[in-house]
Amino acid sequence: MRNKARESNAGIALRLQDIVDRLGGTLRGPGKTLIKRVASLKNAGKGEISFLSDLRYRPLLQESRASAVILPADSPIFTTLPAIFCKNPYLYFAEVAILLAPKVVLSPGRHPAAIVEDDARVSPMARIDAGAYVGHRTKIEAGAIIGPGCVLSDDVSIGKDTRLHANVTIYEKCSIGQRGIVHSGAVIGADGFGMAQKDGRWLKIPQTGRVLIGDDVEIGANTAIDRGALDDTIIDDGVKLDNLIQVAHNVRIGAHTAIAGCVGIAGSAIIGRHCTIGGGAVILGHLEIADKVHISAATLITKSIRSPGTYTGAFPFDEHSQWGRTAVAIKNLAEVSMRVRELVKSAGTSTVRPAEPATRKARKEK
Amino acid sequence: MRNKARESNAGIALRLQDIVDRLGGTLRGPGKTLIKRVASLKNAGKGEISFLSDLRYRPLLQESRASAVILPADSPIFTTLPAIFCKNPYLYFAEVAILLAPKVVLSPGRHPAAIVEDDARVSPMARIDAGAYVGHRTKIEAGAIIGPGCVLSDDVSIGKDTRLHANVTIYEKCSIGQRGIVHSGAVIGADGFGMAQKDGRWLKIPQTGRVLIGDDVEIGANTAIDRGALDDTIIDDGVKLDNLIQVAHNVRIGAHTAIAGCVGIAGSAIIGRHCTIGGGAVILGHLEIADKVHISAATLITKSIRSPGTYTGAFPFDEHSQWGRTAVAIKNLAEVSMRVRELVKSAGTSTVRPAEPATRKARKEK
Amino acid sequence: MRNKARESNAGIALRLQDIVDRLGGTLRGPGKTLIKRVASLKNAGKGEISFLSDLRYRPLLQESRASAVILPADSPIFTTLPAIFCKNPYLYFAEVAILLAPKVVLSPGRHPAAIVEDDARVSPMARIDAGAYVGHRTKIEAGAIIGPGCVLSDDVSIGKDTRLHANVTIYEKCSIGQRGIVHSGAVIGADGFGMAQKDGRWLKIPQTGRVLIGDDVEIGANTAIDRGALDDTIIDDGVKLDNLIQVAHNVRIGAHTAIAGCVGIAGSAIIGRHCTIGGGAVILGHLEIADKVHISAATLITKSIRSPGTYTGAFPFDEHSQWGRTAVAIKNLAEVSMRVRELVKSAGTSTVRPAEPATRKARKEK
Chain A
1 MRNKARESNA
11 GIALRLQDIV
21 DRLGGTLRGP
31 GKTLIKRVAS
41 LKNAGKGEIS
51 FLSDLRYRPL
61 LQESRASAVI
71 LPADSPIFTT
81 LPAIFCKNPY
91 LYFAEVAILL
101 APKVVLSPGR
111 HPAAIVEDDA
121 RVSPMARIDA
131 GAYVGHRTKI
141 EAGAIIGPGC
151 VLSDDVSIGK
161 DTRLHANVTI
171 YEKCSIGQRG
181 IVHSGAVIGA
191 DGFGMAQKDG
201 RWLKIPQTGR
211 VLIGDDVEIG
221 ANTAIDRGAL
231 DDTIIDDGVK
241 LDNLIQVAHN
251 VRIGAHTAIA
261 GCVGIAGSAI
271 IGRHCTIGGG
281 AVILGHLEIA
291 DKVHISAATL
301 ITKSIRSPGT
311 YTGAFPFDEH
321 SQWGRTAVAI
331 KNLAEVSMRV
341 RELVKSAGTS
351 TVRPAEPATR
361 KARKEK
Chain B
1 MRNKARESNA
11 GIALRLQDIV
21 DRLGGTLRGP
31 GKTLIKRVAS
41 LKNAGKGEIS
51 FLSDLRYRPL
61 LQESRASAVI
71 LPADSPIFTT
81 LPAIFCKNPY
91 LYFAEVAILL
101 APKVVLSPGR
111 HPAAIVEDDA
121 RVSPMARIDA
131 GAYVGHRTKI
141 EAGAIIGPGC
151 VLSDDVSIGK
161 DTRLHANVTI
171 YEKCSIGQRG
181 IVHSGAVIGA
191 DGFGMAQKDG
201 RWLKIPQTGR
211 VLIGDDVEIG
221 ANTAIDRGAL
231 DDTIIDDGVK
241 LDNLIQVAHN
251 VRIGAHTAIA
261 GCVGIAGSAI
271 IGRHCTIGGG
281 AVILGHLEIA
291 DKVHISAATL
301 ITKSIRSPGT
311 YTGAFPFDEH
321 SQWGRTAVAI
331 KNLAEVSMRV
341 RELVKSAGTS
351 TVRPAEPATR
361 KARKEK
Chain C
1 MRNKARESNA
11 GIALRLQDIV
21 DRLGGTLRGP
31 GKTLIKRVAS
41 LKNAGKGEIS
51 FLSDLRYRPL
61 LQESRASAVI
71 LPADSPIFTT
81 LPAIFCKNPY
91 LYFAEVAILL
101 APKVVLSPGR
111 HPAAIVEDDA
121 RVSPMARIDA
131 GAYVGHRTKI
141 EAGAIIGPGC
151 VLSDDVSIGK
161 DTRLHANVTI
171 YEKCSIGQRG
181 IVHSGAVIGA
191 DGFGMAQKDG
201 RWLKIPQTGR
211 VLIGDDVEIG
221 ANTAIDRGAL
231 DDTIIDDGVK
241 LDNLIQVAHN
251 VRIGAHTAIA
261 GCVGIAGSAI
271 IGRHCTIGGG
281 AVILGHLEIA
291 DKVHISAATL
301 ITKSIRSPGT
311 YTGAFPFDEH
321 SQWGRTAVAI
331 KNLAEVSMRV
341 RELVKSAGTS
351 TVRPAEPATR
361 KARKEK
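Residue numbers (the numbering used here), protein chains in the order written: chain A, 1 to 366; chain B, 1 to 366; chain C, 1 to 366.
No lab work stands behind these hints: they were computed from the structure.
There may be inaccurate statements among the hints.
Same chains, same label: a pair holds when it works inside one copy or across any pair of copies.
As the list claims (entries may be wrong) - In silico lysine to any residue, SDA-like type, Cα no more than 25 Å apart, as pairs:
| no. | residue 1 | residue 2 |
| --- | --- | --- |
| 1 | Lys36 | Ser321 |
| 2 | Lys331 | Asp199 |
| 3 | Lys198 | Ala255 |
| 4 | Lys204 | Met338 |
| 5 | Lys139 | Thr310 |
| 6 | Lys87 | Pro112 |
| 7 | Lys198 | Pro124 |
| 8 | Lys345 | Asp54 |
| 9 | Lys160 | Lys345 |
| 10 | Lys103 | Lys303 |
| 11 | Lys331 | Glu342 |
| 12 | Lys292 | Ala329 |
| 13 | Lys103 | Lys173 |
| 14 | Lys139 | Ser304 |
| 15 | Lys36 | Ala329 |
| 16 | Lys139 | His294 |
| 17 | Lys46 | Leu61 |
| 18 | Lys198 | Arg15 |
| 19 | Lys42 | Met125 |
| 20 | Lys331 | Leu91 |
| 21 | Lys173 | Met338 |
| 22 | Lys345 | Ala73 |
| 23 | Lys292 | Pro308 |
| 24 | Lys139 | Glu172 |
| 25 | Lys198 | Ala101 |
| 26 | Lys32 | Ile12 |
| 27 | Lys139 | Lys160 |
| 28 | Lys331 | Ala255 |
The structure presented is a predicted model; accordingly, all values stated were derived computationally and were not measured.
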């Protein structure tokens, strides 16, 4: 088993015409141009294809030594390079990247240094790497890969073709669907932070729920998803979580939502489908976020969001000395605002015209 | 050893009267009602008990199919369900949950695939799981559980009945008291971030202190607690740390303080007893926080806090476009504040009345 | 191999004169005073040396029972203790600490419970601890230490004298230079968070770049550094990363930059040399930060910074009730600012004098 990891199609090459035949788009230039890899406009060379989505980067296109380039269907022609014109160059590029990516094929089997309990139900078509531990009654389906050093406790379920990279930990009774990817250091199913106070001490509330993860979910390195207290923590199909994210107990994340690194989500928050959450955002607990909500980086969400849209709350940065002056002004802001109201009142409506354009309050009243 | 993990009281059931006999409270309804599990009002069914603390949730109570419910002693009666009336329903519920929770009994012993140095001092009543490593002179007391893949370096000490879940790392000379719980991925005793600059490069300062952790401490998944530079980093009895928390070198956290996920605490900060710190807060170094201080989520603490109370500092979120206008206004805030002072001065005291109610400054002067 | 870890110079002691001979500075007092350890002013006793950099701490000096103390060259003499006067007491102290620190010498060799693929290229002078896994073609140079439970995938390269503490994960093709230190739980080379949207679902873009780490780099516990999407993620020589940091794909961090805990750096950000970034800061992607930029804790950087200097953006904390008033005022700030402009306009230049001292705008126009 040890020497069978290999890149099955290292050296694959597609002609431009092959690519267009598979993915669509309009080709301009010689269809027989060979493409072996995707690359950035800046670094691409012979045998490599790049793309341009944002016309601001067109100077990079002029200088690019790529063998071909993917361009927006309606773009004026800036280049003499062979080109594929399509609706969404970034997506097209992604699809070409997938076509050309070396597929790592890891042979199934159980490494002699893996420890698998006798009553675990491991498909012979799954792969269990060195030093991994698989607990009692844990079920691992065909095509799944359990990396070195992973620990799967009892009664865990890992779906078809799901890959756990090295050193992932899954607590008892949690499950992951098909085609998932879990990166190293991720911890799934640790106890939620549930406590009641008794005489100044904290009494631990047993956390008896599970973590249920759907299909096509990716979980980043060192991300933690806690098991539910009573009911389950649920991560729906197609959710993508970046690194170092905290998902507390009983959180529910709707399908196809993507969350960037370092986000913290407190207990019982319910997040909709097709949302995006920027890095470092903090979502408080016991609130609901609608579908198609986009939260900016480093934003604190303190209450439910009922309508799709983009929401932001970050303090703008500045040179330190100017920030210091601003910070002092903020400390006094409530008072200053009151003084302004007084001034407006004493100035009377004749001298101070109503603010234009529409202010926040006016807008809200519509 | 491998097949001995089991739930010793799966299927336990208590009569309502048994519960009241043990935990107090006033019973209304048939004392022989059997209770097997706790559950949320929404999901509870036959054999399950739920609770209501906040009267806003009373509609859930009306619809609940729980076999019994825990209610505040002084609450008007909203339900025909069998009920226990008590002072603190949430705490009572926690205590019932503890009574009913299946107790996982893991038999002591050393898994053949554990690696334990010959001079380690491991109680025969401790359990060392597969793939765990126990270093030289490390002491593990009775009832302790060292999960699969844990690494305990040399001269570590683990107290009675403390459980380390899978893949925990403890550096040399660190110690944990009794009845502790450490979740997967936690790292205790890595070097503090101590450096001096020399000719534009960083010189690493040896980190020779330890991490000393008291009794009844819980540490969340992927949380990191650094060893002290000279003196020790100290986590007092009963402290509860959630996931993905950073505790820097020489921090001291007082007894029974609870800290939510994603908090960062910088070097040499001293945090009092019975504090709570909300998720994503950042505490700067070399400052002191008094006992019974509550810090809100996502708040940056930049200086010592001398009095108990609640402290907050987060930027309110808004729709993105409105946030953009606010952000511009903040950049100009110091100037605007100055203009307001000028306006107030030129308006004179005759036209602008003193702000009421009491402003911050006035309040402070009292 | 198992019993050979030892502190080779436990019990080392240097005379003050030896220290001054090696590190410079001016000695006052008996050169034969023996020094065994460094310690804080507060806790130092016989055989221990401490330092004073900041004159505010001079009361601690008066009470210190240290055997000697390191003082600024130009400081008035506050103490009768033996003293070394030098230019930079903190740096001098660090250098003494390095002289006196017990050097842990770990003998080279391969633990029988380590799993090393046959085609790995491991120096006989490297050490591979229990339960570590070393993949195909991975190269480990002399003096390197691979701690218990580490997983090094295929084609990894670890330079001379680099130490990986327990439970570090390194993905395929990544490399670390010489004299590096990587703390437990760090994950190097996981996939970047690169996706394109197709019909409401996320399409994973293959992440085919690597992570390349220079010499003398330290990486904290549970920090994650993602591999590049196409090009590589690059961490330059002498960079120091604290715990729980997220470094996204294609980030570049310049030499000798130091980054504190809980920082998140988004994709393709380029950070200069000799920068410092405070704890909990968030750096957005696709921007550039110049050399010698200092970013304060908990600051969000939303755009490129072209000039050296210190930049800050954190919301000042306050008592919760006052914060509530401030937060409301901030929600209305754009409107209040507009009203102030109206008031200034209607007041005319005759009654409202130009703001002094120089406002932000005036300063910028110079």
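Checked hints:
{"no.": "1", "hint": "Lys36 x Ser321", "in the structure": "neither (52 Å within a copy, 44 Å between copies)"}
{"no.": "2", "hint": "Lys331 x Asp199", "in the structure": "neither (36 Å within a copy, 40 Å between copies)"}
{"no.": "3", "hint": "Lys198 x Ala255", "in the structure": "between (39 Å within a copy, 14 Å between copies)"}
{"no.": "4", "hint": "Lys204 x Met338", "in the structure": "neither (46 Å within a copy, 52 Å between copies)"}
{"no.": "5", "hint": "Lys139 x Thr310", "in the structure": "neither (41 Å within a copy, 47 Å between copies)"}
{"no.": "6", "hint": "Lys87 x Pro112", "in the structure": "neither (50 Å within a copy, 57 Å between copies)"}
{"no.": "7", "hint": "Lys198 x Pro124", "in the structure": "neither (51 Å within a copy, 34 Å between copies)"}
{"no.": "8", "hint": "Lys345 x Asp54", "in the structure": "neither (50 Å within a copy, 42 Å between copies)"}
{"no.": "9", "hint": "Lys160 x Lys345", "in the structure": "neither (69 Å within a copy, 70 Å between copies)"}
{"no.": "10", "hint": "Lys103 x Lys303", "in the structure": "neither (44 Å within a copy, 37 Å between copies)"}
{"no.": "11", "hint": "Lys331 x Glu342", "in the structure": "both (19 Å within a copy, 18 Å between copies)"}
{"no.": "12", "hint": "Lys292 x Ala329", "in the structure": "neither (36 Å within a copy, 28 Å between copies)"}
{"no.": "13", "hint": "Lys103 x Lys173", "in the structure": "between (31 Å within a copy, 15 Å between copies)"}
{"no.": "14", "hint": "Lys139 x Ser304", "in the structure": "neither (38 Å within a copy, 49 Å between copies)"}
{"no.": "15", "hint": "Lys36 x Ala329", "in the structure": "neither (58 Å within a copy, 51 Å between copies)"}
{"no.": "16", "hint": "Lys139 x His294", "in the structure": "neither (36 Å within a copy, 44 Å between copies)"}
{"no.": "17", "hint": "Lys46 x Leu61", "in the structure": "within (15 Å within a copy, 68 Å between copies)"}
{"no.": "18", "hint": "Lys198 x Arg15", "in the structure": "between (71 Å within a copy, 24 Å between copies)"}
{"no.": "19", "hint": "Lys42 x Met125", "in the structure": "neither (42 Å within a copy, 41 Å between copies)"}
{"no.": "20", "hint": "Lys331 x Leu91", "in the structure": "neither (47 Å within a copy, 38 Å between copies)"}
{"no.": "21", "hint": "Lys173 x Met338", "in the structure": "neither (57 Å within a copy, 58 Å between copies)"}
{"no.": "22", "hint": "Lys345 x Ala73", "in the structure": "neither (58 Å within a copy, 51 Å between copies)"}
{"no.": "23", "hint": "Lys292 x Pro308", "in the structure": "within (5 Å within a copy, 39 Å between copies)"}
{"no.": "24", "hint": "Lys139 x Glu172", "in the structure": "within (12 Å within a copy, 27 Å between copies)"}
{"no.": "25", "hint": "Lys198 x Ala101", "in the structure": "between (57 Å within a copy, 19 Å between copies)"}
{"no.": "26", "hint": "Lys32 x Ile12", "in the structure": "within (14 Å within a copy, 72 Å between copies)"}
{"no.": "27", "hint": "Lys139 x Lys160", "in the structure": "within (10 Å within a copy, 33 Å between copies)"}
{"no.": "28", "hint": "Lys331 x Ala255", "in the structure": "neither (41 Å within a copy, 32 Å between copies)"}
Hints 1, 2, 4, 5, 6, 7, 8, 9, 10, 12, 14, 15, 16, 19, 20, 21, 22 and 28, counting from the list given before, are not met by this structure.
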